[in-house]
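If you read the protein sequences in the order shown, they are chains A and B. Going by the numbering used here, the first sequence opens with residue 299, and the numbers climb by one from there. Going by the numbering used here, the second sequence opens with residue 4, and the numbers climb by one from there.
Hint data in this document are derived by calculation from the structure and do not stem from the laboratory. One or more hints might be untrue.
Claimed, not checked - Computed Cβ-Cβ distance ranges for the label pairs, DEER-style:
#, chain 1, residue 1, chain 2, residue 2, range
1, A, D547, B, S9, 34 to 42 Å
2, A, E433, B, G71, 43 to 51 Å
3, B, G275, A, G633, 39 to 47 Å
4, A, E631, B, S139, 37 to 45 Å
5, A, I591, B, R350, 44 to 52 Å
6, A, I591, B, G275, 35 to 43 Å
7, A, E305, B, S9, 14 to 22 Å
8, A, E433, B, S9, 41 to 49 Å
9, A, Q563, B, P320, 18 to 26 Å
10, A, A403, B, D21, 49 to 57 Å
11, A, G633, B, R350, 34 to 42 Å
12, B, I407, A, G633, 39 to 47 Å
13, A, E305, B, D21, 37 to 45 Å
Built from N, CA and C at the ideal position, the CB exists for glycine as well.
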Amino acid sequence: MLAGLTEEQEHIKSEARRRLEAERNDERLLALLEAGGAYDETLWSSAREMGWTAIAAPEAFGGLGLGLAECCLLAEELGRVCAGAPFLSSSLAVIDALAQFGGEAEKASWLEKLASGEAIGALAAAEGRGALLPERPGLIFSDNKASGEKTAVIAGAHADVAIVFGADPSGAARLGVIALDAPGVERRPVSTFDASRGVADLSFTDAPVALLQVNDARAAANRLIARLALVNAFEQIGGADRCMELARDFALERRAFGQPIGAFQSIKHCIAEMYVKNELARGNAIAAATSCIEDADDFELRAAAARISAIDAYEFASRETMQVHGGVGVTWEAGLHLHLRRARALALELGAKPEWEERIVSHLTTA
Amino acid sequence: MSRSLSAVDEAFRQKAVDWLDGHVADFGLPAREGLSLEQDVELARRWQKVKSENGYAVISWPAPWGPGGTVTQQALFATEESKRGFPAGHLVISLGMPTPMVLRYASDELKERFVPPAIRGETLWAQLFSEPAAGSDLAGLRMRAKRQGDDWVLSGQKVWTTLAQFCDYGVCVARHDPSLPKHKGLTYFIVDLKAPGVTVRPIRQLTGEVHFNEVFFDDVVVPDAYRLGGVGDGFKLAIETLMMERYTAAADETGFGPTLARFIELAAETPGVRGETALDDGGVRAEIARTYALQQGLVAIHGRALAEMSAGRTPGPEGSIHKLASVRHRQHLSTLALDLLGPDGLRQAPGVNPKTDFHYSWLDAPTLRIAGGTDEVLLNTIAEKILGLPQDHRPDKGVPFDEIPS
Numbered sequence: 299m300l301a302g303l304t305e306e307q308e309h310i311k312s313e314a315r316r317r318l319e320a321e322r323n324d325e326r327l328l329a330l331l332e333a334g335g336a337y338d339e340t341l342w343s344s345a346r347e348m349g350w351t352a353i354a355a356p357e358a359f360g361g362l363g364l365g366l367a368e369c370c371l372l373a374e375e376l377g378r379v380c381a382g383a384p385f386l387s388s389s390l391a392v393i394d395a396l397a398q399f400g401g402e403a404e405k406a407s408w409l410e411k412l413a414s415g416e417a418i419g420a421l422a423a424a425e426g427r428g429a430l431l432p433e434r435p436g437l438i439f440s441d442n443k444a445s446g447e448k449t450a451v452i453a454g455a456h457a458d459v460a461i462v463f464g465a466d467p468s469g470a471a472r473l474g475v476i477a478l479d480a481p482g483v484e485r486r487p488v489s490t491f492d493a494s495r496g497v498a499d500l501s502f503t504d505a506p507v508a509l510l511q512v513n514d515a516r517a518a519a520n521r522l523i524a525r526l527a528l529v530n531a532f533e534q535i536g537g538a539d540r541c542m543e544l545a546r547d548f549a550l551e552r553r554a555f556g557q558p559i560g561a562f563q564s565i566k567h568c569i570a571e572m573y574v575k576n577e578l579a580r581g582n583a584i585a586a587a588t589s590c591i592e593d594a595d596d597f598e599l600r601a602a603a604a605r606i607s608a609i610d611a612y613e614f615a616s617r618e619t620m621q622v623h624g625g626v627g628v629t630w631e632a633g634l635h636l637h638l639r640r641a642r643a644l645a646l647e648l649g650a651k652p653e654w655e656e657r658i659v660s661h662l663t664t665a
Numbered sequence: 004m005s006r007s008l009s010a011v012d013e014a015f016r017q018k019a020v021d022w023l024d025g026h027v028a029d030f031g032l033p034a035r036e037g038l039s040l041e042q043d044v045e046l047a048r049r050w051q052k053v054k055s056e057n058g059y060a061v062i063s064w065p066a067p068w069g070p071g072g073t074v075t076q077q078a079l080f081a082t083e084e085s086k087r088g089f090p091a092g093h094l095v096i097s098l099g100m101p102t103p104m105v106l107r108y109a110s111d112e113l114k115e116r117f118v119p120p121a122i123r124g125e126t127l128w129a130q131l132f133s134e135p136a137a138g139s140d141l142a143g144l145r146m147r148a149k150r151q152g153d154d155w156v157l158s159g160q161k162v163w164t165t166l167a168q169f170c171d172y173g174v175c176v177a178r179h180d181p182s183l184p185k186h187k188g189l190t191y192f193i194v195d196l197k198a199p200g201v202t203v204r205p206i207r208q209l210t211g212e213v214h215f216n217e218v219f220f221d222d223v224v225v226p227d228a229y230r231l232g233g234v235g236d237g238f239k240l241a242i243e244t245l246m247m248e249r250y251t252a253a254a255d256e257t258g259f260g261p262t263l264a265r266f267i268e269l270a271a272e273t274p275g276v277r278g279e280t281a282l283d284d285g286g287v288r289a290e291i292a293r294t295y296a297l298q299q300g301l302v303a304i305h306g307r308a309l310a311e312m313s314a315g316r317t318p319g320p321e322g323s324i325h326k327l328a329s330v331r332h333r334q335h336l337s338t339l340a341l342d343l344l345g346p347d348g349l350r351q352a353p354g355v356n357p358k359t360d361f362h363y364s365w366l367d368a369p370t371l372r373i374a375g376g377t378d379e380v381l382l383n384t385i386a387e388k389i390l391g392l393p394q395d396h397r398p399d400k401g402v403p404f405d406e407i408p409s
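Okay, chain B solo, but in the shape it has when bound (with noise of 0.2 Å):
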């Protein structure tokens, strides 16, 4: 795969991989076993920090914010990064989303104010967009911005927040004229999670952890200049937002979860019921091969758009079902896992980290069939981007969003 890279980009990621493979002892994977979140989120701080001082964090932003690399560069970086197990994942947020919006929509004197600290990791932004009645229909917000003077003032609930009980700034869509249609009356703003008014209140995950947040504002005062694009234009934005992590971040076929050679490996230590080990097993031998077919063809689609990139080509859209694919299947090879082990699979290795952990992995898979578009948003978009398949009936398109029933 990387063989059809261009010869800078091999060298590029030659480089990058020597660099990563002596800080994994320090920050990757093994550094990492036994912590709890908060000082997991504290190493990816650090992390970010190392990363900044030699040229590998936003790498394909430009000078004077980023090293002016390109976004092949910053994929391949990112998918060697997550292979060796670095903290990377906590920043993939802030970084992908908020702060590139700041970038591009914020005056001069708040991208000097805020870019450089979320580059270093030393500040942490935050995505608000869920609310409790709008998750995949986002244009349904009912968060309030009403106009005072030369400021906004915003109440409503936001949640899902990913980590915001660490993160000292966000962006986040609001509704400033509920006599609109619901994709009209929305408008995009920075919010500053420290300022008053703003509460964070952590919601505990079926694993017991706590990576989401819901965030309440209570006429909470944002300054007119934290507004980015136009009034009106906050679904636009939100859209544009969600776009732009597209090459950039990691792509892990194994859906984040274990690896297929540790599933093998379990299998050959795993006393068989059909076979002398799990691994003699023709039923799990035949699991082993489609998830190598189906891991390596995901491989293959995000190789090839890494090569079209780096050959300056646009990839085509096939990348769309990494996610679906990869996250579904770690589902069902983990609950595999636990089957192999027999009743013995009843005993759940105190590991809590779903690259390690088949437990882990298998307790924690559902959340991620949900987070960052559903199973089934995302197959609508496939259907409807890709395929040209008519839009689902939607009775509210067009009605003013204060019409229509709740």
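If we strip away everything but chain A, and leave its shape as in the complex, we get (with noise of 0.2 Å):
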């Protein structure tokens, strides 16, 4: 896959380049940072004329019933742009685990909302410092009712329902879904350097919880989580690429000393080292994408492969950008700084690297 693209996929593509192309607006997610809270609109209005809200989830709820292959390749335009809403990926957690364990009652409250983009969604993992998933969660579930805190919740600002990772009475790990606006929850915005990611904690007192319908809880979890990882990873690479070709761009038309900056071997090693790291981010994300696709027992593993190189490549080319760019790349202006936040953001926000890197070494010792 993405080596041959479909023609469809082709399209998707393409159009969603075209739109995005044109409708990127870098004073717009400038503003946005300033303003804290906020998203962006546009964008968001564009995801859901264009059907992007609605590609991953099951057509009987109104989706396109598409797969993963074109939620990365959405992510990684979405990614060039730095798009300033992350609610294609967050609520792709919900549909994810309610097309796979939700009762029908559940399924019926939300697909079709997500898919049309009429609601959000978000994952509520983490609980304060360290791991994405917390070793022995505080978050309890105990008769249909949830009680605790779940933090850092990417999109937890506006999404209107959440999956939310906890344990039930006697500690076992369960999945359960809450409708935001129900009463007992209370969200609280963390100020953030990449503001438009939504970030906030969740209070629960008592909220109401349906329960979904899996074994192993926290095995289901990592899984649900690497594929979103798989997503970001594109997302990522989207944005290394447009860091590399900024810098590129720059170093053709930059002169000093007489000649561009792009004939010192300083500089064009610098940028072909850019080039180097996404090659291999890309290289494990389509192996990932393409295990996802297939089933494969290996598939958890390569998502870390990916994750942690497309972390790499990302957070690279974004600093590395502006040291190319010189004064004029720190400037606020600029704008490039809307990659070096974007970059760190993804690199933390579903576990950062030796999390990530801890899970493919446990692999690789206990095989």
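Bring the two chains, given one by one in their own frames, into a single complex with the hints.
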């Protein structure tokens, strides 16, 4: 896949690129950084109009019933423009979880709304510092009521529904779905360096929860997260490619000491190193996507490799493109810091690198 | 990865793997333990003969030379062969670059004479390009070729000529006209390395081994029939030679060093500074994960290129990062492997196989970062050819060669 795209996939990708490029406006994104708690409404209405919200949702619920490949293609395009709303991937978590483990009632309540973009979804996993999934969740599900805290929830400030990782009173991990406008739910926006991500802490006090029908909730959550990490990897690669292109274009145009700075090896090599990292990340991401689509045993391992190489690629490219740009690169107006911020945010959102490195090593050493 | 190959290629791969597994004991890694380079090259020649008798030599070459397989199949075979440690690397140059150039440019008579013995491993061919004053800047070479009746007379010196001490023939580039700009005055020849006037002097590398040579030409007479391409086409043919083996050679994500599994094994059996064993050390674990991601990224890129070729399409340029990324990382990982051992890392095992021995792999790594295109040249190539960045400043551009300050 992605090497040999179908005609329909090519179409989705090129239409997405066309629309996103036409609407991209760094000033709008910069304003979002200052506004705090806001997201790019132009982007979100495009996403609904173009049917991007429906890509992964089942057809029975008004979705397009397309696969992960299409989500990845779209994510790559969103990454290129530093999209000012995280909802396509945050909603994907809920669509994915409900489609697999949701009861009929939950599916009926949410899937159609998520597919149309009328509702926004989020994944609430972390509790404070450390790994994305807490070892012993403090969020407890008892008698279909949830009590406890979830922190740093992406899109949590705007979401209508969340998949929450918690435990039953015996401490066994469970996954539940909670409507965020229900009584007993409180949200507090988190101030952050990439403001359009809608990060919020969520508190639950006897909030109504519907448990998902899954035997091993931790394993299911891990798989869900691995799929999101893969989609995010494509977003990271899109951003990294964009940073590389910006560096290249600037190096061709900017002259110093009588020649374009792109003729100096220190600059050429720096941009070539971006290429190396971006292609390694792409190699891993495509391999992971293939593995996911084929439902292969090695999927989570491949997703972890894709995630850590995509983190590397985007952070390197966003950092070094600023270096190539020199003084102008660190100005507010140039907007390169949008990528610097996004690269860091994406590197943290689904669990930081050490956690994903550990996933790889434990796979390799216990296999 | 292999699951994205066509059914025909997957069947080929499976059959090749079975066949290779049947020969590992006689020709693979176990058979090579403790051999001198000379013995190893001899083993490689015999292995080549076995391959040629079983349709696995020069797989992608058309009849009558090869079995007419595809480039994908040749690459698949080479990769499986490399995984099992067969000594095919010694023939990578002979069959990967000079011989295909003979096939492309020589007369039918010369092809008939030179190519079949090379395919059977009976003759070995060298590539004589680099010179003391022409490495990365190949077109700066100084070896002279003077026309003398129907012949040419070659004089000068080549260097870094891999395995020349065992080779019978070679292809070489020499300057026929120093009054032309440097790229234009070059011509490409077949040379007989046993001819009068040729002296091969081995170069001892930092590992103590002798893979490379200096080759001196003192008025060596070469018939005009041995000229490949037109007079003045030398640089073009040299580049063509270097591009030749792009996808046919083995792709080894470890940079021809020890595998990650071997590193993990070593860490598990070594006491840790931070943790019970080195494998419990968070820093070591992070390195393992990063190595895995890097190597699997390379495997994926190569697999995708094979799948593209298998489907009849041209692979993208991303394969060009392979040597740069894999060898650089091999140096890093080998250094780290010795670090795990602490002071006991000083104790060097007698092994001399870079695929199995971290000491040797560490010691040999600087050579690989230079051979076959330095890291810097590879980065320049990515920057210029893929990303469209300008060439470096070149004051000698368009200047007659004999007016360039040296």
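Structure-based check of all given hints:
no., hint, in the structure
1, A/D547 - B/S9: 34 to 42 Å, "holds, 39 Å"
2, A/E433 - B/G71: 43 to 51 Å, "violated, 60 Å"
3, B/G275 - A/G633: 39 to 47 Å, "holds, 46 Å"
4, A/E631 - B/S139: 37 to 45 Å, "holds, 41 Å"
5, A/I591 - B/R350: 44 to 52 Å, "holds, 49 Å"
6, A/I591 - B/G275: 35 to 43 Å, "holds, 39 Å"
7, A/E305 - B/S9: 14 to 22 Å, "holds, 21 Å"
8, A/E433 - B/S9: 41 to 49 Å, "holds, 46 Å"
9, A/Q563 - B/P320: 18 to 26 Å, "holds, 20 Å"
10, A/A403 - B/D21: 49 to 57 Å, "holds, 55 Å"
11, A/G633 - B/R350: 34 to 42 Å, "violated, 55 Å"
12, B/I407 - A/G633: 39 to 47 Å, "holds, 46 Å"
13, A/E305 - B/D21: 37 to 45 Å, "holds, 39 Å"
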